[in-house]
Structure formats: structure tokens, C-alpha cells
Amino acid sequence: MKKILVLFNPRDRFGDWWDRATSLQRGMFRLVLIGLFFALPFINNPVIDTPETSFESVLFYPLVMFAIMAVGLNVVVGKSGILDLGYVAFFAIGAYTQAVFGIFTDLNFWLVLLLGMGFAMLAGILLGVPALRLRGDYLAIITLGFGEIVRIIAVNTEAIGGAAGLTGIPSPPPILGMEFSVQDLRPYYWLSLTILLLVLWGIVRLSHRKPGRAWEAIREDEDVAAFMGVQTFRYKLWAFVIGGAIGGAAGVIYASQILSIEPKMFELNLSIMILACVVFGGMGNIWGVIFGAVLLGYLPEKLRFLTDYRILIFGILMVVMMNLRPNGLIPRKKREVILEKI
Amino acid sequence: MEFSILVSEFASLTFDGIVVGAIYALVALGYTLVYGVLRLINFAHSEIFMIGTMTCYAVTLVLGIATDTDPLTLASFTLVFLLIILAASLASGVSAVILEFVAYRRLRIMRASRLSSLISAIGASFFLTELFRIITESRNIAFPRLVDKEPIFVISSAYVTFDKVLVLIGATALFFLLNRVINHSKLGLGIRAVSQDETTSVLMGVNASRVVSLTFLLGGILAGAGSAFYMVFYETTKANVGFLVGISAFTAAVLGGIGNVRGALLGSFTLGLIQQYSSAVLGYNWRDVVTFVILVLVLLVKPTGLLGEALQRARV
Amino acid sequence: MARKVLEVNDLTIKFGGVTALNGVTIHVDEAEIAALIGPNGAGKTTIFNVVTGYYAPSSGNFLLDGKSLVGQRPHAIARQGLSRTFQNIRLFGDMTALENVSTAADGLNKSGLIGSLFGSPRSRRDEFNSRKKAESLLQFIGLEHRAGQLARNLPYGDQRRLEIARALALNPKVLLLDEPAAGFNPQEKSELGQLIRKIREVGHSILLIEHDMSLVMDVSDRVMVLDFGNKIADGKPREIQRDQRVIDAYLGVADHDS
Amino acid sequence: MNERFLMKRKLLALATSTVMAIGVTVAVAPSANAACAGNYKLYFQGALTGPAAETGINEYNGVKLAIKDYNKSASVKVDADAIDTQASGAQAPALAAKVVADECALGVIGGMYSGETLAAVPVYDGGGVPVISPSATNPALTNKSPVFHRVVANDLVQGPALAKIAGRVGKKIFVVDDATPYGKGLAKIVKLNLKSSQLAGTDAVTEGTTNFSSVVSKVKSSKADVVFYGGYYPEASIFIKALRDNPATKNVKFVAGDGVLDVEFVKLAGKNANGAYLTAPGLPMKTAAPKLYKAYKAEYNKEPGLYTLEAYNAAYFFLEAIKKGNTTRASINKFIDDEVVKGVGMTMSFGPSGDSESIVMNEYTIKNGKVVWVRKL
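Here the protein sequences come in this chain order: U, L, B and Z. Residues in the first sequence are numbered consecutively from 1, following this note's numbering. Residues in the second sequence are numbered consecutively from 1001, following this note's numbering. Residues in the third sequence are numbered consecutively from 2001, following this note's numbering. Residues in the fourth sequence are numbered consecutively from 3001, following this note's numbering.
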């Protein structure tokens, strides 16, 4: 029975190959895949190209940006099973950090990046300590409120530009001779892609170790996790903080590309969008989540030719897809390892 | 920060707060009923409300009541309003049932994660908002002045106008009606049973799907009625009107203890007042900050809202 | 006189008006298999929920190795060596058998998240230990061949055994078993009996809630009887069987329990 | 800041001359435009869909009409194209990047609102794409970039005018804004131009606000006899109704800027709109350019909106430049900096700050349901 499954399920077949593959083969595979992604801007043919907007800019935002944020939110929603409707707050905090420190100080971009992540983590704790004592949807509405509060504060604080936001945000310094400029958006894409890879490296490591197990246990059954010695509160808080840091990083890079930000860019619907990416792609499965992010980021751009109807169609697609694949496009599904390997 | 206004305008702020709260309540009940039965946030409920407001407008169009006509006589108003509220309730109720059928039913039967349903609902919400945005060419719609808004009488700073009185009376009537339905009808029994424990109640012969549909119908009808009052009170709508009202109503439901009908009422009126007072004292733009901070504080003291029952943790 | 590992003194807990436990005093001796029996709703599981820190008692206290556990969080209590299984199986369904056990084993090592992220020597060592421990425990209860399978896909009997393995991963001084034999056939029950003894031999005391009299009488050194939140008897299995109050209060009801 | 821009200007000039030189010596057009010769593009940036679409469509119509008229007689043909920002600063940069990347794009008419323009201009600046906005009035855009210009007066002109009107019609003024870049910005300038004795109080709402009762209460208790609203017509129409419905604020004068001056405002507020005091830097096409007005109605059989004329003229400026043989972004930038162009119903020239040097400000009011032009300020 299982045999048959293995035979006909490409995913399992890949899995089997992966399990059998030598570290060299794996390394090669990774390399090829990564290389392919880095090469994307050169392969912009009409099929994957997007109308109206420039493909490079779409690759950077929304695609990779969504992917980074989705991976971050997935730590919270997918791995630990906490519904967070205010994720945009961390993105905003990152973006404003880059804007404020970029414009008013000449702090090195990389320091600002760390700073942005730091502030986002702090916000994660600020939100988490009270909110994580609540459960389920009570927690959800609090996070939603947090997202709104951050935006409203930005609107009403003249010191950081108020409603008009901040303009003249500097770009990152050149890396390996690559200039970051609006004419050529590929460097931004490559930068963000690199960040994404780093994030993935970290998250994958964590998921296969103690913290990953703790998060999964919490998602499966918080009470029992506690009975089994898991420090549930601490790990939930960690999930918030890590998710926050990732969102913050995304924000910093985003701001450094679009040169000017305004509070309007950080509204609830972005949180919802990212959440949709996570669930749509396959909660808890990092690859599914990335795929979901890319798809949900790409569709509206690709659908631009529908002008007025694009969000309409987009909405229908969401309903249909969720009903066809309730667990997401690439659901979280641990392959059951065959005993020889234990 | 001007607390003086709390004194000088206390009566009018309070009165308006209660009126606004009544409208929130009618919407919040929809969230809470569905949540009670399905344990999920019906994200598209705000759009159900929006459809109600649009229906109200459509009715005035059909009746050929121009936006700028003079207020109607009491008799003709009563007639028109009954027509409007019936139409709106019907439209909202039906679309709520359809929504459940399209966006939730399949996922529920597959016992999919609640988040899947949430995203499906969000998709539906996008669709409905956009649909009406296109139909209305993303215009704001002005609703005709159906009834004269000259104050009937004045309580200190509060002007008591007919429309506000109408909202209060109408809402109260509906609450009592709902109370009867839930506590003294077969449907109500079903709803309460399923909220308690779906599987068991199914074993006891409750038709869960039917109960769920009827719950959505009930929630939709209330939202529709709410939209009618909303239109008479605010006299404007647009495709995304649901969002702001929806967020407030949902917050109210949580504040009172989501899943709990009385909680939804208490939460709504509390929220209405909080919003009025806070926007008067700190300025409208800080209103939502205050609202959410208070919400957090309340939930920290009572983790399941004002009237929420103690966290029913799974029996270990 | 054997040393008491777990002491529960004069424990009372009320839910609303209902008194679930009424001044109950029980204990478990070192290397003892103690059984806790009583009709449904007598408050057996409630005792478990109190001593594992899930419910706060209205009054009374409980000590593990003489240290009071009152007011501590569940995870802290578990880490001090008081772990349990559940009446209705509650495994981490989407995790493999091995992960289920190592998750509990993790509770005993101190390495933090940062360490895991950057693979500090300590975290590597801990990872290794958790895994080894989990594997040996699966061996111990005879589930090594299931290690890689998702808990929810295991057959019923294996799930119950896996819960025991998971609880053992915390090196409990006292292992709390909540109706481990529920739904077992005689064959499986006797095997479970073996297992319970084996667990005692490797040095864990056991407190057993069980409805199946034959198993209780077979394995336990001492039996405590609970009825409507009161302890009504405490003694050797033989004595308990002869105790008139027990027969009235309990065995009368027992037939439609077991 | 300024030096940087001057530097840029020099560089641009340099680039232009070299490009021209190449053009002369080697007998081929600059490679960048080789593919484009004959089908250069002027982009419109604004909302063609979304809540602000009405204004955007009118402006784009103006642009298309100008290009149509031009193409009738022109040797070098030009196409109209548009990026639909839905007036959102969030979408603008990515779309602007597309224009920068389009080698055939010679210039941008837009953005329509200040927010989206603030967000997009840095992108255009990077690509050296000349921009002439018909309707972005936020002062923050002044000196923003050498490529940015606007034919409308900015709020620094409109604000004081509004403050003057408010002072003219009443004694105590209550200032409300909608927390958008436009509304908040305008309200700020109005406040600056009021004596502290005149300012009765302030409040800020948000876009989409329907519940103005707390604001009305504040107006009432502040004893103000004038309300200034910095924002757009949808909320303004609800606000003015709320004021009129409350006996205590029934007769408070209502003053607002060009964001409110829109036929929709009258539609939404009904009778209540009558007597509102409104200003706009924009000219009503009907009075300023009657011939064009007829042509416009013939073309689209609908009324032109506010700023339709400005959009037409912004496009007209570009087309003049192209007619004079400027077919690179750099040379057009230079043309815009140096030349004075007599457009339809207005003469246009731009100072180094990018603001128009021929500023007009108009006062309007609503008389029994019609927008009426009162006077030039």
C-alpha cells in the first residue's frame, strides 16, 4: 500500500531520491536551484514577465519580500499555530528604522539592518508578553490591533513624517561593485534573495532541532506539550521574536529600495496577504509557504491586464484554491521514514 | 487632551455612543453566532453587512426616491422603512447562506484547519468588496434623507432625533426576538447543542449542516437589519463600508466574549461609548489605539472577554 | 518503612460549587506500583491534573521527594520528575514516534534556541542525547520499528505504549498512568502488566489509575480507593478486595465500568 | 541637498550634449531610442481604477486629447500610455520603475495625488524621466528633484488663501484633517496662517470615517463659527451633513481645499453643500478654455473634472518640447527648465524648485447644487 503511494507520488519519489542522495548530489542540487533563482532576472521572457510593472521590481517586491515575510510569519502561524493578524507591524518597524536612520544619520546600512531586526524583536516581546497569555482568536484580535496601532502611531507622529511618510531614503552601499539604483533593480533582488536564503538556513536548522520540536508540540497540543516539559510560553515568545526579526529585516530592505515610505503601505490587508501566503502555500511547510508567497505575489501583477477585475478574480482564485486544497498547495506532510534508516 | 468636553458634551457623546453601539451589536451578533457554532471568524461577515446597505439603496432607487427629496411623512416613512429593512435582511441573510455554502461548507465537512476557512472567507470578502466597487464605480453612495432629523427633544447636550430613537427601539426589539429564537425554538436548541459539542449533537440527531446554514441566515438577517439602521443614521455607503464596521463589530464581539450573545451586546455598547469618549478627548485619530489598548487590558484580566465563560480547556 | 516519593496531603479542589476532591491524602513509595481506583467521577484524573500543575488546588499540598510542587507550572513539575500519560490518548499526531519521545527528552537538557541555531557543541551533544534516549526508550517498549512513523498512524496499542515511552523520557521519579489498559484485550493487558513491572525495575515509581481489576490486583503493591472525592480505602490488593466499604461503594458499580 | 541636484543637472546637461554629439557625428540616433523613433511614449500616472478613479480618468482623458491634437499635425508621433497607481503610494514605485525601464518613455504627466507622487518621484529621478504633475499640490514636492515639475500652485499658496477666506467669513476656526498626506499637509499650512486667537480647535479623522458625531461635538463646544476641512470630498460630504444636522453647528461656515471641490461632493452632500467655501489652483476648463471644453465634451461626452485642463497642458508642454526636436529625457528636462510655453488657457514655466512660475488660485462656491467659480485670488 505505502509502496504504491511512493511509486505514484512525485513528492515522495523526490523525497526518496533526496534520502538516498549523497551529500555531493544534494549540494549540487541546491547549487543548481539557487543558481536558477539568481539567474531569474535574465530569463524574463513574456511567459513569466509581468505586464505594466517591470519584472525585476516584481521579483523584488512582492515576490521575494512576500517570501521572506511568509517564512517569518510561518514560524508563528505554521509552526507554533498562533494566529497573528498584525504581522505587517514588524515590516513597518523595519521600514521606518531604515527610513529614519538612513535619512537622519549616516549609520551603515548593515548596522541599520540589524537595528531594524532588533526593534522588531523588541516589538515582538512587547506584544508577546501580554498577548501570548491569551489563546486562539483572542490572541488574533490583539495582534490585529497591534498592527493597526503601529500604523496609526506612524500617521500621527510628525517626527517620522506623519501621514506623508518619509522620502529620500538612501539605498544600500554597493556590494561587489553592484550599484543599488532604480534603473537596475536586480541587485535588490539578489540582496533580498540572499537574505531569504540566510533566513531559510536558520529556520530549517531550528525546525530540525529542539526548538522545532517544541513549536510543533505546542501546535499539536499546547497542554500536553507543557506536561512533557516544554516551556510553552518561552517558545511561543521566541516564535514571535524570530518572526518579528524576519519581518523587520524585510522592512529595512524594502524601504531601502522604494526610497520613500508612507503609513498607508502598512495596512491590515498586507498582514492578511502574508497570512494568505502561509495558509495558501501550506501551513508549516516552509517550501509550500514560499511557493504560496511567490504565487500570491505574482498573480495580482500578472493579472494587471485585467485592470479593474484583478482583485475580483484574485478573490475567486483564493476561495477555489482553498476549497480544492484545504491544507495548502504543498501541505505539511512528514514523509514517514523507513526503519532501516533509524 | 481636553477632558472638559467629556463634561460639556457628555450627554450627546453618550447618547451617540449607545446608538452606534446598537448598530455594532447587530453586526457583532453575526460574528458571535457563527463563532459559537463553528469556532471560526466569519471574515466575510462585514461584506454581508455591506450587501445590506447596498440593498437599502437599491430599494430607494426602485421606489424612485431621489437623493435630494424632502423627508417623508411618518406614515410613508414607516412603510418605506419596513420595505427597506425587510429587503436588506433578506438580501444579507440569503447571501450569508450562500457564502457559507460556497466558502465554508466543503472545508467544514473535510474538517480542514480553521485557518483554511479563514483564508477562503478572506477570498470571498475580497471578491464581494471588489464586485460592488466595480458596480458602484468605487463611488460613495448618498442615501436619501428619509426622515426629518430635527431634534424631538433635548437632554442637556444630547439632541434626541427620530432616526436615533428608531435605531435604539429597532435594535432592542431585534435583541428580544433573537433571545426568543435562541432560547425557545428548535433552531435555537440546535444552535446551542452544536455550540456545545458538534459530534455529540449530530449523534443525537441534530442536522449540523442545517443548523449551520440557519445560523448564517440568522447572522445575515441581523446584519441586514443593522445595515438598514446604519443607512438611515449615516445616509451613506460604499463598497468597503463593511471593513470599518466589521472590525469594530468583531472587536466588540471579542470584548464581550466571542461566542456569547449577551457578551456581544455588552461589548458593542461598551465599544460604542469607548470610541465616542476617546475620540472626543484624544481626537478621532487616536480612537482605535485607545480601543485596542482597553481591549488588551480587559482580556488580560478576563482572558475570554467581559462575559466569556472560563476558558474551557480540553478535559485532560 | 519505605521512603515516600510523592506525597499528596489533604488535597481539596472545588469547581464552582462542586467539590471534586475533598481532603484527599495519598502517597507513592519509592519503587512502588500504587494503584488509584474508584468509580467514574471519583476524582482520580483530577488528582493527576492537580499534581501535574494543571489545576490549582483550593487547599492542601503535594511534594515530590519532599519538595513542594504547589504553584509550579506544568513544564517545571514535569522536569522535576513527575510525568504522565492520558486517559484519552494525546500524542503529537503529526510528529513521528521518535520525535514524540525526544520532545519530552529535550525537557531535561538545558541548551537554548540560540545554541541550536548556531549548533553550539552543547546543543549538538543535547540533540544527540535526546535522540539516543528516545531510541533506547522505543527499544525499551518495543516500538523501535515504528520510530519513523507519524504517531497518528500507529495502531491503538502502540499509541498507548508510545505515550508511556514519551512520559519515561523525562526520567520520572513517579510515572502517572491514566487508564493505560483502556481498550486492551487480555493478551495486551498481560503484556502491559509486564511492561509496568519492567518500568518499576528500571527504577521508576508508578501511580496507576485503572478500571481493570485483574490488572490492578495483578501488578500493584498497594491500592488506594477514591469515591466522590474522598479516599475510602488504602491497602494491599487482597485487603481492598475484602474491604466492605469498597465493595459497597465501588465493586457494585464496577461491572458496567470494566 | 540642493548641491546634489545642481550636480545632477550638470551631469544631465553633459549627457545631453554628448548624446547629441554622437547623434551628429555618427549618423545614427542615440541607441537608447533607436527602437522608439516614431513611437515615443508619454505616460500618465494616476488612478484609473480604485476610489479616486474619477479624477484620474478625467486627467488621462485630458492627456490623450492633447496627444491626439498633436499627432494630427506632428512629424514625430507620440503615444499615450498610463500606469494605474490607484492613487496609492504603495503601488507607485514599482509602476514608476516600469516607466524608467521603458526606453521609449520621454516623460510622465502625473502623479495625480501628492502621496503617490512623493513615492514615485525618486524613482523617476533615478531614471532622469521628466515629470510634470497636473494636480499634486503638497509642498514637500518642491525642490524634491530636478525632474519634477508641476503646473499647479502648491498648498503653500492654497493654504494661506484658505486661511484668508476662513478669516473673512468667521472669527473662530476649527481645523479638521483626514490624516492623508494631502489633507494633513494642507491643514498644517492653514493652521500656520491663522492667528492663535482664530484657531478654535483641531481634530483629525481618517479616510472612510462616517461617524463624525464626536467631531461635531468638539466643534460645538469650541464655539467655532468656521470649520476648515483638509481632505477629500467623500468624508467632507458626510462631515458637512453632520454639521448641518446639529442645531448648534447648523450655520457654521464650511471651508475646504481642492480635494473637496468635485461634482461628487455636491452629489453626496446634496443641499448641505450649498454655500461651502472652496478653493483650487485648478482652472475650470469651461471658463478658461471654452473651445477646448467643447472639444473635450465632443470627444468623451462628459464634463471635464477639476485639473483636466492642467493635465492637458502638462501633456502640451511635453509635446512642444518634442515638436522642437527634443527626443531624449535629458533634453526634455532641459527644455522644461529653460522654456516658457503658452498652453491652452494658461502660460507655463517652471522655477528651479520645480514649481510653476505662473501661479493661479481660484475661489469657488456651491450655488444650488452647482460648482460656481467666484474669483481669482
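I should point out that these hints are in silico values taken from the structure, not numbers from a laboratory. Do not take every clue at face value.
Claimed, not checked - Listed next, with one range per pair, are the computed distances between beta-carbon atoms:
| no. | chain 1 | residue 1 | chain 2 | residue 2 | range |
| --- | --- | --- | --- | --- | --- |
| 1 | U | F104 | L | L1063 | 55 to 63 Å |
| 2 | B | V2070 | L | R1180 | 57 to 65 Å |
| 3 | B | Q2194 | U | W17 | 39 to 47 Å |
Beta carbons: idealized from backbone N, C-alpha and C, even for Gly.
**OP:** Please flag the earlier hints that this structure goes against, numbers listed from lowest up.
**Re:** 2
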